[in-house]
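Peer 1: As a plain string of letters, each chain reads:
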Amino acid sequence: MSNTQENIKMSKTLFDKVWDTHVVRKIEGGPDVLFIDRHLIHEVTSPVAFLGLKSRGIKVLYPERTFATADHNTPTINQHLPVADPLSANQLKALESNSNEYGISYWGLGHQKNGIVHVVGPEYGITQPGATIVCGDSHTSTHGAFGAIAFGIGTSEVEMVLATQCIMQPKPKKMRINVNGKLGVGVTPKDVALFIISQLSTSGATGYFVEYAGDVFENMTMEGRMTVCNLSIEMGARGGMIAPDETTINYVKGREFSPKGEAWDRALAYYKTLKTDFDAIFDKELTFDGSTIEPMITYGTNPGMGMGISHDIPDAAHAEGGAATYAKSLGYMGFHEGESMLGKKVDFVFVGSCTNGRIEDFRAFTSLVKGKHKADDVTVWLVPGSHIVEAQIKEEGLLDILTEAGFSLRQPGCSACLAMNDDKIPAGKYAVSTSNRNFEGRQGPGSRTMLASPLVAAAAAVTGVVTDPRTLIEELV
Amino acid sequence: MAYDKFNILTSTAVPLPIENVDTDQLIPARFLKATERVGFGDNLFRDWRYNADNTPKKDFVLNNSTYSGKILVGGKNFGSGSSREHAAWAVYDYGFRCVVSSFFADIFRNNCLNIGVLPVQVSAAFSEKIFAAIHADPKTELEVNLPAQTITLLATGEKETFEISPYKKDNMTNGFDDIDYLESIKPEIEEFALNLPL
Chain G
1 MSNTQENIKM SKTLFDKVWD THVVRKIEGG PDVLFIDRHL IHEVTSPVAF
51 LGLKSRGIKV LYPERTFATA DHNTPTINQH LPVADPLSAN QLKALESNSN
101 EYGISYWGLG HQKNGIVHVV GPEYGITQPG ATIVCGDSHT STHGAFGAIA
151 FGIGTSEVEM VLATQCIMQP KPKKMRINVN GKLGVGVTPK DVALFIISQL
201 STSGATGYFV EYAGDVFENM TMEGRMTVCN LSIEMGARGG MIAPDETTIN
251 YVKGREFSPK GEAWDRALAY YKTLKTDFDA IFDKELTFDG STIEPMITYG
301 TNPGMGMGIS HDIPDAAHAE GGAATYAKSL GYMGFHEGES MLGKKVDFVF
351 VGSCTNGRIE DFRAFTSLVK GKHKADDVTV WLVPGSHIVE AQIKEEGLLD
401 ILTEAGFSLR QPGCSACLAM NDDKIPAGKY AVSTSNRNFE GRQGPGSRTM
451 LASPLVAAAA AVTGVVTDPR TLIEELV
Chain X
478 MAYDKFNILT STAVPLPIEN VDTDQLIPAR FLKATERVGF GDNLFRDWRY
528 NADNTPKKDF VLNNSTYSGK ILVGGKNFGS GSSREHAAWA VYDYGFRCVV
578 SSFFADIFRN NCLNIGVLPV QVSAAFSEKI FAAIHADPKT ELEVNLPAQT
628 ITLLATGEKE TFEISPYKKD NMTNGFDDID YLESIKPEIE EFALNLPL
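Line order of the protein sequences matches chains G and X.
Start counting the first sequence at 1; every next residue gets the next number (our numbering).
Start counting the second sequence at 478; every next residue gets the next number (our numbering).
No wet-lab data here; the hints were simulated from the structure.
Heads up, some of the hints might be wrong.
Covered stretches of chain X (chain G as the covering partner; in silico rule of three or more C-beta atoms under 8 Å from a C-beta of chain G) [claimed, not checked]:
1) 486-493
2) 533-541
Derived Cβ-Cβ restraints for the label pairs, each shown as a range [what the hints assert, rightly or not]:
3) G:Asp277 to X:Asn528: 55 to 63 Å
4) X:Lys636 to G:Gly322: 23 to 31 Å
5) G:Asp283 to X:Glu660: 47 to 55 Å
6) X:Asn531 to G:Lys272: 57 to 65 Å
Every residue gets a Cβ at the ideal spot worked out from N, C-alpha and C, and that includes glycine.
Construct all of the structure, not just a fragment, from the sequences and the given hints.
Peer 2: Listed below in structure tokens is the structure:
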């Protein structure tokens with residue numbers, strides 16, 4: 001870079017600021033070496049990384065920067081009992097012994113801090129604005145809600161971070177997605193995210209890192225912002241982020257691993273620099289009107305196949321992907337072009353996951369089922385994302401309302417989102433799920449998933465069919 | 478983990494002309510419970526390949542002996558979804574060394590490069606040509622030349638160039654991985670860590 005260029009103060013996006021601050025070295029014709037502030041690990045994508053370290057005879061460079069929780073494989077009932085599946089038990093044991101061997105904080109099953117990695121990270125202040133955060137899990141994008149650069153990595157990269165606290169990645173392109181306007185009744189952050197994905201498709205943001213801007217996001221709670229950023233990967237983006245503001249700082253302040261005293265003052269000064277300069281340029285910019293968004297539901301086998309719940313399933317000519325792929329997808333779901341989703345039978349309802357397993361999601365679900373009763377032929381799994389969420393559900397009196405309405409609460413974990421434990425939707429059965437993926441077999445072999453918000457899930461839970469939640473919440477209008 | 482060097486690969490190819498193939502299809506979550514990197518190829522495309530009773534699904538391409546080879550040709554947006562490197566391991570363990578698509582999901586592409594599977598992105602038109610050529614003659618061969626960054630349909634000589642960063646190309650041709658590089662600059666990393674804002 002010439003002196004002249006260096007002397008011009010380049011306008012930067014929020015993403016540029018955080019990324020550039022963490023570049024250890026740029027490789028000519030190659031990736032950047034990016035320093036990682038916080039590394040989260042879980043039982044599924046870490047064991048082979050530790051094996052790699054062992055075979056190379058390398059130690060963990062900064063064990064204090066890595067945090068381990070067990071979540072993907074864990075049961076959501078009877079967590080005090082030994083894990084029955086020997087393979088799951090073995091993987092959990094590997095996480096524990098690896099964490100102990102290398103001096104990494106380990107929050108295993110039964111630990112008060114145990115829970116879904118992307119729920120407990122923010123709760124304990126591990127997630128910080130302006131940090132770089134990675135985890136061997138694509139929904140690491142969740143932490144972008146705090147103005148962090150956070151994204152999922154593969155196991156080879158988990159090993160790199162353990163060994164050197166760095167990964168090697170080319171800097172992605174930048175996209176800004178603006179959503180302004182007043183959201184309608186019954187429209188939640190999940191609907192905003194599913195709407196955006198339906199507009200972009202599952203590959204529309206591949207190669208980009210997204211910044212979400214506009215009053216719709218500014219008005220969201222941290223929980224809502226986490227839901228939106230969580231789903232960034234579902235449109236192919238590496239991650240998504242939202243500039244930190246008072247809402248962010250109020251959330252972060254005072255948490256266990258948040259900076260304290262002078263360190264907090266220094267951190268605060270850094271947080272305040274974390275916004276996109278007014279004249280910064282994005283490679284792509286999109287704007288949507290939030291007031292037009294409806295409660296959403298998916299009808300196909302990827303998260304881009306979503307629509308307003310009152311719409312009809314589009315015909316192949318209007319769908320993304322080739323006709324053969326589209327026909328395969330609708331065939332798997334047992335749905336047809338042009339038909340309405342309303343009134344379709346629902347066998348299971350799942351509320352939970354790193355997408356919608358936070359307190360706000362259980363408040364939403366409870367607000368709708370209050371005074372009603374669970375439909376007889378629906379199985380409903382309510383799975384809090386952490387013990388903090390579980391405790392809040394009880395303290396706020398939500399559990400009493402849920403119990404009265406015929407529901408019960410399970411214990412924290414990833415659960416039916418990816419069905420690695422026993423929480424599997426049986427073949428051919430339909431689930432309305434607040435999770436993040438409706439891929440074939442995602443919730444169990446042959447399972448059929450309709451992604452939706454906690455309100456749409458609640459409407460299905462009390463009626464037994466796909467129902468527009470707005471017809472049940474007239475009292476909120 | 479070090480891996481085989483990649484130079485020029487000449488092979489027949491297995492066609493999978495489906496778009497948005499996600500990593501849950503490449504390897505379903507219930508097969509992610511191993512603590513070692515062994516045996517993932519057996520479960521590549523498990524639920525497309527086998528019935529619930531573990532009998533092979535006859536209409537799936539991996540069960541059709543007409544098609545074989547070290548190259549997998551997939552539809553657009555190949556490898557979307559979960560970051561599980563197990564998906565790339567399954568592709569490698571099954572015997573593929575190269576995946577061709579007109580568009581790859583980011584994390585899957587990166588995972589492939591890190592374990593020695595070459596992702597080759599071609600134009601939509603060339604992708605169609607490859608599918609058509611394999612359809613017409615399942616024994617048709619492709620040549621993937623990493624040093625020249627070209628992919629060629631040997632029967633007709635039609636070829637296209639593909640992109641890969643010089644750094645990754647060097648890694649793949651020599652069988653190096655990123656940890657080898659990062660370990661070599663560790664003092665610089667430790668120095669850098671002293672001056673971080675957080």
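Peer 1: Now tell me, hint by hint, if it's right for this structure.
Peer 2: Taking the hints in turn, this is what the structure says about them:
Residue count for the stretch 486-493 of chain X with a Cβ under 8 Å from a Cβ of chain G: 0. That is fewer than the three needed, and the coverage hint is violated. Using a Cβ-Cβ cut-off of 8 Å, 0 residues of the stretch 533-541 of chain X lie near chain G, which falls short of the minimum of three, so the contact claim is violated. Remark: the range hint 55 to 63 Å for Asp277 of chain G to Asn528 of chain X is upheld by a beta-carbon distance near 57 Å. Between Lys636 of chain X and Gly322 of chain G the beta carbons are some 25 Å apart, a value that agrees with the proposed interval 23 to 31 Å.
At roughly 33 Å, the beta carbons of Asp283 of chain G and Glu660 of chain X sit outside the given window of 47 to 55 Å. At about 59 Å, the CB distance of Asn531 of chain X to Lys272 of chain G agrees with the hint of 57 to 65 Å.
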